[in-house]
Amino acid sequence: MADNLLSLMTFFPLLGILILLFLPRDNGGLLKGVTLAVSLITFAISLPLAFDNVFTTSGGMHYREFYQWINIGDFFQMNYNIGVDGISLWLVMLTTFITPITILSTWDAVEKNIKGFMAMLLLLETGMLGAFISLDLFLFYIFWELMLIPMYFLIGIWGGKNRIYAAVKFFIYTAVGSLLMLVAIIFVYYFAQQSGALTNGFGIQELYKLDLPYNAQFWLFLAFGFSFAIKVPMFPLHTWLPDAHTEAPTAGSVILAAVLLKMGTYGYVRFAMPMFPDALPTFIPFLAFLSVVGIIYGSLVAMMQDDIKKLVAYSSVAHLGFVMLGVFAMNLQGLAGGMIQMINHGISTGALFLIVGFLYERRHTRLITEFGGVATKMPIFATIFMIVTFSSIGLPGTNGFVGEFLALMGAFQSGLRWYAVFATTGVILAAVYMLWVYQRVMFGKVTNPENENLKDLSAREIAIMLPLLLFIFWIGIAPNTFFSKMNPAMELMLEQMGADKVAVVEMHQPADGHAAGHTNGHADTNADHQ
Amino acid sequence: MYSNLWLIPFFPLIGSIINGLFGKKIKNEAVIGGIATGLMFLSFLVAAQNFFKLLGDKEKVHELVIASWMSVGNFQLNWELLLDPLSAVMIMVVTGVGTLIHLYSIGYMHGDESFYRFFSYLNLFAFAMLMLVLGGNALVMFIGWEGVGLCSYLLIGYYYEKKSASTAANKAFIVNRVGDFGFLCGLFVLFWALAEKGVWTLNFVEIAESGHLLESGGLLITVVTLCFFLGATGKSAQIPLFTWLPDAMEGPTPVSALIHAATMVTAGVYMIGRMNGLFAMAPATMMTIAIVGGLTAFFAATIGLAQNDIKRVLAYSTVSQLGYMFLAMGVGAFSAGIFHLMTHAFFKACLFLGSGSVIHGLHHAYHHAHLHDDPQDMRNMGGIRKKMPITFITFLVSTIAISGIPFFSGFFSKDEILWWSFGSTRGHCLLWVLGAAAAGMTAFYMFRLVFMTFFGEQKTDARAKDHIPESPFTITIPLMVLGFLALIGGYIGVPKILGGANRFHAFLAPVFEHAQHANEIHAHGSHATEYTLMAISVAIAIIGIFTAWVMYVKNPELPGKFVARFAGAHRVIFNKWYIDELYDFVFVNPCKKIGTFLWRGVDVKIVDGVVNGCAWVVKGIGSGLRYTQSGYLYNYAMIMVVGVVLIVGFFVF
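Chains E and F, in that order, give the protein sequences.
The opening position of the first sequence corresponds to residue 0 in numbering that gives the first Met the number 0, with each subsequent residue numbered one higher.
The opening position of the second sequence corresponds to residue 0 in numbering that gives the first Met the number 0, with each subsequent residue numbered one higher.
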């Protein structure tokens, strides 16, 4: 079974859709139950990955599967080429972990066409998992596009009042990016064939070894980078996000925030940066600048929102700014911070969207002014919201701190020092907008009579939140569980990105026994692409 | 050997978790309070055991690594604790005063709806504070640093149904975050600077060992220490970040005593003490600290002169006293600063708890008489000494101590600071003037408070005034213990000039001496100067007390006349120099405006405008081209003919 664990995991949700097809469409309970079971089994299938110690020792790809798929001689060749390493490992786990939670969260929320809704969620899961494990660039593209469709329908069919506008905006933004990426993929393939290096379809490990001329790298990075930047989203390409989030049903928002946005950041780490290492230094200052702008801009705009969901959406822009800044620092601390912050954002912002969902289900509004004094009516909810709020603010001891701290620390050690100083102000702003919204929603006296009869969280709702809370503290207190499996892969990846070519990291060896650390693995970097 | 050190923060953490999770079910106040206080006391016992062990130990620095926290490449960080004389003093203060305040809270919070929540927060605070002082590296300290901020937020906003309380809580956390921004920047720069020299560490012991790698007095060390100092001004309510502390008085009074007087707000002082090696190498930073400390001591004292809310007076007094501690750190009198931190913890905790006892009594009386007067307004008090004798005596002792009257605890610590600010190689006579003036004002406003509250005729509403009881024993016992400490606590640090051995100084010497020697920091001057300065400061204190007596006991109509005469100055002082308004004008409102502009202007108009514009253009082109697909054969025929003509024309001509 371990031979094709990844395939089993990825396509098991599709099997679930098949089962759903044969179930009566009016038996909502059964449909939901089956979907939940399918997603839980998927999670169970993925679980051995999290406990596999091979990731702590080797940074390469594991659980490889390789089948020839389309082979039209020299003209076109692509393979079913998948695998997982320390970089994709936790994103895969996040996906299988968060999907059952979102399904459980929609228990009472969705009434219209439950069958279709559940099928879309499962299809989405396959798409996301496939994208994270693809080692063939074209396969990645297929999964990437596959995610678009269910998300489009989730927003467009089950969304709020403005759902059509939001869905179309989401689709067009992402489609523009996808098209650029497609062109770039074809271009890469063309180049690869020219150089005769490609024997293995679009295998990214071969593509890493391509030594493209700077000019080509420049344009290709631009195309890939643009496409991923839309997905992240980076300022100023972020305006689809608030609309998509606000209109999407809770489950859609959670998945969008928790996993889909990570496609953008993951795309940078896996594809754009290591494939075009020569062009990378040209873009880093610019991209780092946009990240910092995103942090400050996202926070300031979040502060002034009157819709809680929009506030959370804008806070995502800020959080992902930290991720990108950490990644662009091009050293181990920064990358580790960025990577763990991806997971953190999935957990904390996912939790925030669930929290907004709880309120929305009770009151059918998300306007901050409609609330106030909720803490008196919903004490358990208040406690959980408080914990998630502080995780989002990045309080030490919670997950948010570890990510932000390492990302900023990495940036400080790189050439991005001044960017990091400005980014650090995000720490203040996050407290401002989160605490302010918490105060307005939860504190004070109940002034709106409609809030008088708010019911506290049900057992199901608490059960949804508990696993998220567990990881908020786990990552905050013992992040080594995660880092130990990421470190080797990150070292390899930095080497591939040509970390010291960027000349932003100056790694020194620790002096005589101080801070006994193992050395960073990118001493002899240039060997790979020169 | 010191392997049970982890128990010290662990006990209150357990208490917090138990009461947080099960307190609602337990319900019984005695059990809840007992658990919280008992665990705090256990923590105190362990702290005391370690303290005395360290006292007799030759080796003064002990580290305890508990587990690895983050391990990323060269960056290796542990959960680790550090026990040295400095942290030993701190754990004694925190657990000792903490236990007393927990005990006090059982009486004070009696009948509160969410009694368990209060104790859960209070225990959590103790945990965070102990992590802060025991932290063996800067990041464990930072956990505590932010953790106490969190608890402070939770406890200031404890009565969260009150808008003013939740606003004050937010303000406290956010202003502290501004400081934390500085702390983090300092940390990053320091880590980077040391890494450049090949030392990858945030461990305090290693930082102290490798501090010399950085250029003494250089730009880097100055930036690092200034950043850390910014962090300290946030946590310890110094200029420019002091505005949150007076508002923090929205929290229950035991909270004000524990967090906003005795422990948390001294964290900044402690942090400078912890990294004294770095600070000593940056004379410019030290000078900044001394000036900021001196000015804060002075300005906060001026504001304290005019407040009528009993807790607000104490709040400004705290800001002012913290200013003293920073003044001490700034002139290199590290052990004097920590000494004052300790004595201040005794007398200020006692003062806050005393005020709480008065408020508690008045609240009780008003409740009895169904009145809604403000139990914190000193204008409604007077003559309470007869009603609450124990509260009165302990309060008076502490007031004498804070005023710097000889042979009470505050005298020794304050005098040492004033002496250093004058005679230190890093001192200046103007700093002494600031400190001495603040001391005079302190004596004045503290006795003003005592006279208005405990002396004179009773101004409490007639229906209530006979129902003011002395507080129960859970309240009075802590008062007596703290009052006693305020009386004698100074004797462990009697200076040589008064025939003492200054054992406190000697105990802390292993922590501070090295940096002081290496950077030539010491106080110099003749005994005559020292005696003279001492005499002057005592005289100033007595003048302050006498003035207060004249104005508030002998001629009670004087203050009114005085205010009328200097209405402008009074208004400025009463309104706290309009600093809050200034900050709103300079930071808060512009931020809101920018946020709105970025949203409605940039996001909606510009970015979405471009996006929608593109869509609009595409749609326009599409609907234009639609006419070419009319379906009428003659249209296509026409276009074909035109096309043919054009092509032919192109090739022919």
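Just so you know, the hints here were simulated from the structure itself, not pulled from any lab data.
Be aware that one or more of the hints could be misleading.
[As the list claims (entries may be wrong)] As a list, the in silico DSSO-like pairs of lysine-lysine whose alpha-carbon atoms are at most 27 Å apart:
id: 1; chain 1: E; residue 1: Lys160; chain 2: F; residue 2: Lys604
id: 2; chain 1: E; residue 1: Lys444; chain 2: F; residue 2: Lys161
id: 3; chain 1: F; residue 1: Lys385; chain 2: E; residue 2: Lys444
id: 4; chain 1: F; residue 1: Lys162; chain 2: E; residue 2: Lys376
id: 5; chain 1: E; residue 1: Lys444; chain 2: F; residue 2: Lys458
id: 6; chain 1: E; residue 1: Lys444; chain 2: F; residue 2: Lys162
id: 7; chain 1: F; residue 1: Lys23; chain 2: E; residue 2: Lys376
id: 8; chain 1: F; residue 1: Lys591; chain 2: E; residue 2: Lys376
id: 9; chain 1: E; residue 1: Lys160; chain 2: E; residue 2: Lys454
id: 10; chain 1: E; residue 1: Lys31; chain 2: E; residue 2: Lys454
id: 11; chain 1: F; residue 1: Lys385; chain 2: F; residue 2: Lys495
id: 12; chain 1: F; residue 1: Lys560; chain 2: E; residue 2: Lys444
- So which hints don't hold here, by number, going up? 3, 5, 8, 11 and 12
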